[in-house]
Amino acid sequence: MLTESTNMLTKKATEIRRNIIKMIGAAGSGHPGGSLSATDIVTYLYFKEMKVDANNPKWDERDRFVLSKGHAAPVLYAALAEKGFFPVKELLTLRQIDSKLQGHPDMKKVSGVEMSTGSLGTGFSTSIGMALAGKLDKRDSYIYVMLGDGELQEGQVWEAAMAASHYKLDNIIAILDNNGLQIDGNIEEVMNPYPIIDKWSAFGWDVIEIDGHDFESIEAGFKKAKETKGKPSILVAKTVKGKGVSFMENKANWHGSAPNKEEVDKALQELQA
Amino acid sequence: MEKMATRDAYGIALAELGKNNDNVVVVDADLSGSTKTSVFKKEFPERFFNIGIAEQNLMGCAAGLAAAGKIPFASTFAIFACGRAYDQIRNTIGYGCLNVKIAASHAGLTVGEDGGSHQMLEDIALMRAIPGMTVIVPADGEETKQAIVAASEYEGPVYIRLGRPKVPMIFDNSYKFEIGKAKLIEDGNDVSIIATGIMVGEALKAREELLKQGIKASVLNISTIKPLDKDAIIKEAQKSGAIITCEEHNINGGLGSAVAEVLVENCPIHMERVGVNDIFGRSGKPDELLEVYGLTAKHIAEKAVNLINKK
Numbered sequence: 001m002l003t004e005s006t007n008m009l010t011k012k013a014t015e016i017r018r019n020i021i022k023m024i025g026a027a028g029s030g031h032p033g034g035s036l037s038a039t040d041i042v043t044y045l046y047f048k049e050m051k052v053d054a055n056n057p058k059w060d061e062r063d064r065f066v067l068s069k070g071h072a073a074p075v076l077y078a079a080l081a082e083k084g085f086f087p088v089k090e091l092l093t094l095r096q097i098d099s100k101l102q103g104h105p106d107m108k109k110v111s112g113v114e115m116s117t118g119s120l121g122t123g124f125s126t127s128i129g130m131a132l133a134g135k136l137d138k139r140d141s142y143i144y145v146m147l148g149d150g151e152l153q154e155g156q157v158w159e160a161a162m163a164a165s166h167y168k169l170d171n172i173i174a175i176l177d178n179n180g181l182q183i184d185g186n187i188e189e190v191m192n193p194y195p196i197i198d199k200w201s202a203f204g205w206d207v208i209e210i211d212g213h214d215f216e217s218i219e220a221g222f223k224k225a226k227e228t229k230g231k232p233s234i235l236v237a238k239t240v241k242g243k244g245v246s247f248m249e250n251k252a253n254w255h256g257s258a259p260n261k262e263e264v265d266k267a268l269q270e271l272q273a
Numbered sequence: 001m002e003k004m005a006t007r008d009a010y011g012i013a014l015a016e017l018g019k020n021n022d023n024v025v026v027v028d029a030d031l032s033g034s035t036k037t038s039v040f041k042k043e044f045p046e047r048f049f050n051i052g053i054a055e056q057n058l059m060g061c062a063a064g065l066a067a068a069g070k071i072p073f074a075s076t077f078a079i080f081a082c083g084r085a086y087d088q089i090r091n092t093i094g095y096g097c098l099n100v101k102i103a104a105s106h107a108g109l110t111v112g113e114d115g116g117s118h119q120m121l122e123d124i125a126l127m128r129a130i131p132g133m134t135v136i137v138p139a140d141g142e143e144t145k146q147a148i149v150a151a152s153e154y155e156g157p158v159y160i161r162l163g164r165p166k167v168p169m170i171f172d173n174s175y176k177f178e179i180g181k182a183k184l185i186e187d188g189n190d191v192s193i194i195a196t197g198i199m200v201g202e203a204l205k206a207r208e209e210l211l212k213q214g215i216k217a218s219v220l221n222i223s224t225i226k227p228l229d230k231d232a233i234i235k236e237a238q239k240s241g242a243i244i245t246c247e248e249h250n251i252n253g254g255l256g257s258a259v260a261e262v263l264v265e266n267c268p269i270h271m272e273r274v275g276v277n278d279i280f281g282r283s284g285k286p287d288e289l290l291e292v293y294g295l296t297a298k299h300i301a302e303k304a305v306n307l308i309n310k311k
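Residue numbers (UniProt numbering), protein chains in the order written: chain A, 1 to 273; chain B, 1 to 311.
No wet-lab data here; the hints were simulated from the structure.
You may find that some hints are simply not true.
Claimed, not checked - To give an idea of the chain B side of the interface with chain A (calculated C-beta under 10 Å), a few residues:
hint	residue
1	I51
2	I53
3	G83
4	D87
5	T92
Using N, Cα and C, we set each Cβ at its ideal position, and we do this for glycine too.
Please build the complete structure, drawing on both the sequences and the hints.
Below, the structure written as structure tokens:
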């Protein structure tokens, strides 16, 4: 990959992380941990990978991104704003009474949000429906869907995983944000979803392991996924919950707590482009 | 009298719709032979998706197909659609206001021998509690066919409740179904029988029995439970001053509750609810079940007489 492109992505990701901290800080509630772990992948998707047009959000030929781990809404909102779907200043209205930026993504309210999510497992299923429609219409576009690793505990995920390989949906690329933590602690301790790789392989998916914070690894993963034909692909991305903010990293208690003013300032000092 | 199951009418209507609209797709959960989506599957295999025994994913896939511009009809038994996949209907289809048509068969007691675990008696309550959800309960085959077309032309989530057994044909093709409009089938001033689904046929039989006793009952078919035709209900209340609701559903939360809500806010009068009295069903033949649970013309007529005496 060109260094220039990596630099651009690094800058965008830092800006998105800064906005995640600012918006959750202003809201006084929200989910920073899983938003920060997903940031580099979401940044790559919107600024390198996907065909999307902020001026024509309903463009028929677009790629679609479904955030199945809907509680990471701040990273999606920050990326959409950065991409021009709506003004960046609106981010600071997150979770407020008259805001379109709901606590979890609402497709009726926000331009660029492809599916309302929040109840875990549901978004993943909808991506299967979108991919089926894409096959019917013979569209040259992809459905990207991001799941959390705790989300794998939902039975619906496996119903959908079975359907995607049954229908040979090679136009769907799932990304697992494997940060290893959920609200109550380590995923292995709460309800162990491992071995994750074996499970997805057994369900008929092409499984690609990547470093979810390394743009070259992310790029290679998507490239390989697109070369896979006749079955769906999943990028199992090793990530760090709270990535980029030292005091949030690898701490389950930052799953769903907002930083106070002091913590916001401290985080923003660390997040310099 | 000619008879037809509403699920059979659905199968025929769906296949016809498939011819006229390329965007219509069907998802089913391993019950296509029973829900009658098999008729569509035979004609349009490329637009039919069997999701397997996975109702949560069934509703999710339907939502995704709708988001991508298709008009999906999602079918399974009512117990699995509204029970197993309530969250997916509420949080994905309802909350996203997606253009999914949930056509659920085998609703109510008349599933029969499969028993209480399969007899969905709460679906009307669950579906009408979801904001923006249109809820349709056709009375016969003709109304079903027209409701399927109307649902496909309407933009937004729709729940259509279908039954397993053959039921009398009440309407012919001169009838015009419209979402949100009740239909006065028979007029009368003494008591108003408001019925939905297969109970419309029983209501008409009850009217005949009442006529023998010199009582003139009107029969109002409410096939759209939501949005409810409030004007038609208020008109009946003002005319007869006595209303009986009839539904193959728990008396809590269904048609009876919906009508009671309208009456209490507009013109409180005497009313009675015919329905399953807040208990689960059990195995038996459909006719036996309707008898045991008090859902026959005889029960409606008895309640009508009691009600008139209270006026």
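Status of each hint after checking the structure:
1. I51: 6 Å, holds
2. I53: 9 Å, holds
3. G83: At 15 Å from the nearest chain A Cβ, G83 of chain B fails the 10 Å test, so the hint is violated.
4. D87: 5 Å, holds
5. T92: Holds - the Cβ of T92 of chain B comes within 10 Å of chain A, reaching about 5 Å at its closest.
Of the hints listed earlier, the one the structure fails to meet is number 3.
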